[in-house]
Amino acid sequence: MKIADILLRFDCTKGKDMSAWLEQVELAKDLFEIDDMAKVIPFFMDGEAFEVFKQLAPEDKGVEGKIKDALTRAFAVSKWPAYEEFCGRRWRMDETVEAFLTDLKRLARISGMDKADNAGCECPY
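Numbering (the numbering used here) for the sequence shown: 1 to 125.
These are computed hints drawn from the structure, not numbers from a lab.
There may be inaccurate statements among the hints.
[Unchecked claim] Under the rule of at most 30 angstroms between Cα atoms (straight-line distance), these lysine-lysine pairs were calculated in the DSBU-like manner:
| # | residue 1 | residue 2 |
| --- | --- | --- |
| 1 | 2 | 79 |
| 2 | 61 | 39 |
| 3 | 39 | 68 |
| 4 | 2 | 39 |
| 5 | 2 | 61 |
[Stated by the list, open to error] Simulated restraints, written as ranges between beta carbons of each label pair:
| # | residue 1 | residue 2 | range |
| --- | --- | --- | --- |
| 6 | 80 | 102 | 31 to 37 angstroms |
| 7 | 13 | 100 | 17 to 23 angstroms |
| 8 | 13 | 105 | 21 to 27 angstroms |
| 9 | 8 | 69 | 16 to 22 angstroms |
| 10 | 100 | 39 | 33 to 39 angstroms |
| 11 | 24 | 114 | 20 to 26 angstroms |
| 12 | 5 | 39 | 17 to 23 angstroms |
Beta carbons: idealized from backbone N, C-alpha and C, even for Gly.
Given these sequences and hints, build the entire structure.
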């Protein structure tokens with residue numbers, strides 16, 4: 001098995017989840033026992049994601065955490081859009097209940113609605 005068999009290329013097109021991709025990077029890192037993913041991650045980025053990488057300072061390009069932080073800042077869904085998506089999210093006929101609930105949990109986590117201090121609030125903002 002090769003890393004390319006499990007880690008898909010990421011280009012940040014609409015509908016792709018940066019946080020999920022970064023979790024897959026971590027899984028691949030553990031599975032293949034790779035110590036330095038900073039040398040691997042750039043080979044799995046296309047389009048805007050690779051452009052963000054190219055703009056990093058040369059010393060940051062070799063630091064896994066710096067690469068992940070830059071990608072997260074550039075492409076992660078922010079709280080308000082996640083909240084709006086959560087409120088409008090409907091179960092699609094072509095998805096399993098598990099997939100629907102997983103997406104709702106992801107949106108709740110991003111928007112901060114999974115925190116106990118937001119319980120009972122209509123809007124977390």
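Quick rundown of the hints versus the structure:
Of the supplied pair hints, the one linking residue 2 and residue 79 is violated, its CA atoms being roughly 36 angstroms apart against a limit of 30 angstroms. Pair hint residue 61 plus residue 39 holds up; C-alpha atoms about 9 angstroms apart against a cutoff of 30 angstroms. Between the alpha carbons of residue 39 and residue 68 the distance comes to roughly 12 angstroms, so the proposed pair stays at or under 30 angstroms and holds. Taken as a hint, the residue 2 and residue 39 pair is honoured in the structure, with Cα atoms around 16 angstroms apart against an allowance of 30 angstroms.
Between the alpha carbons of residue 2 and residue 61 the distance comes to roughly 23 angstroms, so the proposed pair stays at or under 30 angstroms and holds. Checked against the hint of 31 to 37 angstroms, the pair residue 80 and residue 102 fails, with Cβ atoms roughly 21 angstroms apart. In this structure the hint that residue 13 and residue 100 lie 17 to 23 angstroms apart at CB holds, the actual value being about 22 angstroms. Evaluation of the 21 to 27 angstroms hint for residue 13 and residue 105 yields a pass: the beta carbon distance comes to about 23 angstroms.
Separated by about 21 angstroms at the C-beta atoms, residue 8 and residue 69 satisfy the suggested range of 16 to 22 angstroms. Distance hint for residue 100 and residue 39: a CB-CB separation of about 37 angstroms, consistent with the stated range 33 to 39 angstroms. As the Cβ distance of residue 24 to residue 114 is approximately 22 angstroms, the hint placing it in 20 to 26 angstroms holds. A hinted range of 17 to 23 angstroms for the beta carbons of residue 5 and residue 39 is consistent with their spacing of about 19 angstroms.
When each numbered hint is compared with the structure, violations occur for hints 1 and 6.
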